[in-house]
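There are 2 protein chains.
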Amino acid sequence: MVRLLTKENVTELLNMPDALAYVEEAYKQLTLGNAIVPQRIGITDPAPGLTLIMPGIIGGEMNALATKIVSVYKQNPEKYNMPTVLAKIMVQDINTGDIVGIMDGSLITAMRTGAATGVSVKYLARKNSTSLGIYSAGVQARKQVSAVYWGLNEKLERCKVYDLKKYVAEDFKKEIEEELGIDVEIANSGDDLLFGTDIIVAATTSTIPLFSGDRVAEGTHISSIGAHAPDARELDSTIIKRASLLTAGLKEACLSEAGDYIIPINEGIIAEDNIFSIGEIIIGNKQGRTSDSEITVFKSVGISAQDVAVGKLVYDRAIKEGIGQEIDF
Amino acid sequence: MVRLLTKENVTELLNMPDALAYVEEAYKQLTLGNAIVPQRIGITDPAPGLTLIMPGIIGGEMNALATKIVSVYKQNPEKYNMPTVLAKIMVQDINTGDIVGIMDGSLITAMRTGAATGVSVKYLARKNSTSLGIYSAGVQARKQVSAVYWGLNEKLERCKVYDLKKYVAEDFKKEIEEELGIDVEIANSGDDLLFGTDIIVAATTSTIPLFSGDRVAEGTHISSIGAHAPDARELDSTIIKRASLLTAGLKEACLSEAGDYIIPINEGIIAEDNIFSIGEIIIGNKQGRTSDSEITVFKSVGISAQDVAVGKLVYDRAIKEGIGQEIDF
Numbered sequence: 258m259v260r261l262l263t264k265e266n267v268t269e270l271l272n273m274p275d276a277l278a279y280v281e282e283a284y285k286q287l288t289l290g291n292a293i294v295p296q297r298i299g300i301t302d303p304a305p306g307l308t309l310i311m312p313g314i315i316g317g318e319m320n321a322l323a324t325k326i327v328s329v330y331k332q333n334p335e336k337y338n339m340p341t342v343l344a345k346i347m348v349q350d351i352n353t354g355d356i357v358g359i360m361d362g363s364l365i366t367a368m369r370t371g372a373a374t375g376v377s378v379k380y381l382a383r384k385n386s387t388s389l390g391i392y393s394a395g396v397q398a399r400k401q402v403s404a405v406y407w408g409l410n411e412k413l414e415r416c417k418v419y420d421l422k423k424y425v426a427e428d429f430k431k432e433i434e435e436e437l438g439i440d441v442e443i444a445n446s447g448d449d450l451l452f453g454t455d456i457i458v459a460a461t462t463s464t465i466p467l468f469s470g471d472r473v474a475e476g477t478h479i480s481s482i483g484a485h486a487p488d489a490r491e492l493d494s495t496i497i498k499r500a501s502l503l504t505a506g507l508k509e510a511c512l513s514e515a516g517d518y519i520i521p522i523n524e525g526i527i528a529e530d531n532i533f534s535i536g537e538i539i540i541g542n543k544q545g546r547t548s549d550s551e552i553t554v555f556k557s558v559g560i561s562a563q564d565v566a567v568g569k570l571v572y573d574r575a576i577k578e579g580i581g582q583e584i585d586f
Numbered sequence: 258m259v260r261l262l263t264k265e266n267v268t269e270l271l272n273m274p275d276a277l278a279y280v281e282e283a284y285k286q287l288t289l290g291n292a293i294v295p296q297r298i299g300i301t302d303p304a305p306g307l308t309l310i311m312p313g314i315i316g317g318e319m320n321a322l323a324t325k326i327v328s329v330y331k332q333n334p335e336k337y338n339m340p341t342v343l344a345k346i347m348v349q350d351i352n353t354g355d356i357v358g359i360m361d362g363s364l365i366t367a368m369r370t371g372a373a374t375g376v377s378v379k380y381l382a383r384k385n386s387t388s389l390g391i392y393s394a395g396v397q398a399r400k401q402v403s404a405v406y407w408g409l410n411e412k413l414e415r416c417k418v419y420d421l422k423k424y425v426a427e428d429f430k431k432e433i434e435e436e437l438g439i440d441v442e443i444a445n446s447g448d449d450l451l452f453g454t455d456i457i458v459a460a461t462t463s464t465i466p467l468f469s470g471d472r473v474a475e476g477t478h479i480s481s482i483g484a485h486a487p488d489a490r491e492l493d494s495t496i497i498k499r500a501s502l503l504t505a506g507l508k509e510a511c512l513s514e515a516g517d518y519i520i521p522i523n524e525g526i527i528a529e530d531n532i533f534s535i536g537e538i539i540i541g542n543k544q545g546r547t548s549d550s551e552i553t554v555f556k557s558v559g560i561s562a563q564d565v566a567v568g569k570l571v572y573d574r575a576i577k578e579g580i581g582q583e584i585d586f
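Residue numbers (the numbering used here), protein chains in the order written: chain A, 258 to 586; chain B, 258 to 586.
Hints should not be assumed to be uniformly reliable.
Which copy is meant is left open, because identical chains are indistinguishable; a pair holds if it fits in one copy or across any two.
[Said to hold, decoys possible] With a straight-line Cα cutoff of 20 Å, these simulated EDC-like cross-link-like pairs (lysine to aspartate or glutamate) come out:
#1 K336 x D350
#2 K543 x D428
#3 K543 x D493
#4 K331 x D355
#5 K422 x E265
#6 K430 x E265
#7 K331 x E529
#8 K264 x D275
#9 K264 x D573
Quick caveat, the hints were computed from the structure, so don't treat them as lab data.
Generate the whole structure from the sequences, applying the supplied hints.
Here it is as structure tokens:
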């Protein structure tokens, strides 16, 4: 029997605090060597878009085995009135190999990407943080705010948002104020975000740095989850140089995909040894923030373990609550 | 909408002549550079079995994009009363990336593996071939016989089968005689198969050669679809040396996985240049059999393009014939 879960089912079953806990556990098991994230497979030519095949396995107590198939087709909205990004997650029973759950993966992708930032906030932001500045007001960004809110144990009070599309920012403001009960201010420029914010999140499609690193206040925690190509970045070399702690969802993944780290490494500004997987901090191998004045950075390019963990969470809950359709095929 | 197809649906929709045509087309498009078979991903630890993730894309007129997730868990029968091999194929719309079909992949795996042999028989066996000797009487072997039958344009008259399990061979005899209307003889030894057979098929789980290559008659065509590890093989170095034409489903795949070729290469008996993808013969780049006395060999380790092609065939036919369940998720 295969449990099929629509986007609506997933929405009903998944909340950010749980996503955060599961992504944290995934990072922990990765560092402990109980999880494996194979290099993902990308397929394009001769298709007009990109498909990524992202399998992964997490042992420990989670015992999760799943594969996400996610496609990014830029022509979809215009040509077919369909979303650019489509995703499904196939969950296997780790004991038999059988595919037991298949679910829409779009919300899970947004939630697990948010959760990555949430985990970094939990471990690296100043404990007295109350304000966030976020680049982009898109769907992804909204889950980022929610994740920061829960990563700070609901202590987030204010959020400044900057988006080139003003109407998207206004929609964001309405949604976030209603959802989280925090004040949202629409910034007039990207630089605006840098003042009076304890945490900065970059969740854009930009391939060049969003702000000048020398304008960032001491004590800030920064999370970048956009840009994921060796020659693309959201953060400039200055902020990487100023930061006293550079972390990654998974160090190896960032070293092969994140220009935010690859470019300053190639410039000789930092070395690979300066970067730590967040799991190292979660398990206590590496100390996190040590003062209120230091700048901390987290970079995530997205790894299958996040999808595998959250997919398992959703599947288990669907079984428990009897949600979704069960089909024998 | 996603079309879900059970094993029964797939059985209803798929026949060997079509599987053969689609696998042939996949090989052709691979050689023409219109298809891509990424290195498959294998996941085991910490699971008690192996999962293979096999995506692929085929352009040309087929326009197929799909991923097979296949698991091999040896404990399944004993521990869970479930099959060792479980598989599902996710078919995407190549134009939008959307997953539009999900189907049971076990029959497709057997059929496409058979079809590979069938294509080799079509191009490489003597035109006057009428007899087959097959090692193993298992599920896989039965599809091999069917494929040889269709690869020979229904001219197959006799089949000798050898299996260590006599009752499996007897069951095989009953099934094949009924299905194809040919005579099946149960051989008493592996060597028995070598006499009076125009075509030899090896479809076993053996990791060592099944027969001595010097006992094979001139003019024989041999297909080996078992053994798929660099140190495992069904064919010995003698037969590889005697053969005048060595072919592969996909040369690159066999050079990294098939001991049947890797071992004799390492022994200096043949060189990589002596091996040709069957697609080269299909498109006419390389001549096939040139005389009735030469020995030809085909080796296949199984590649995603076979699953992608046959998966697309089954999906298209399901849509056309209104078979399967359509679910929006």
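Which hint numbers does the structure go against, in order from smallest to largest? 2, 3, 5, 6 and 7
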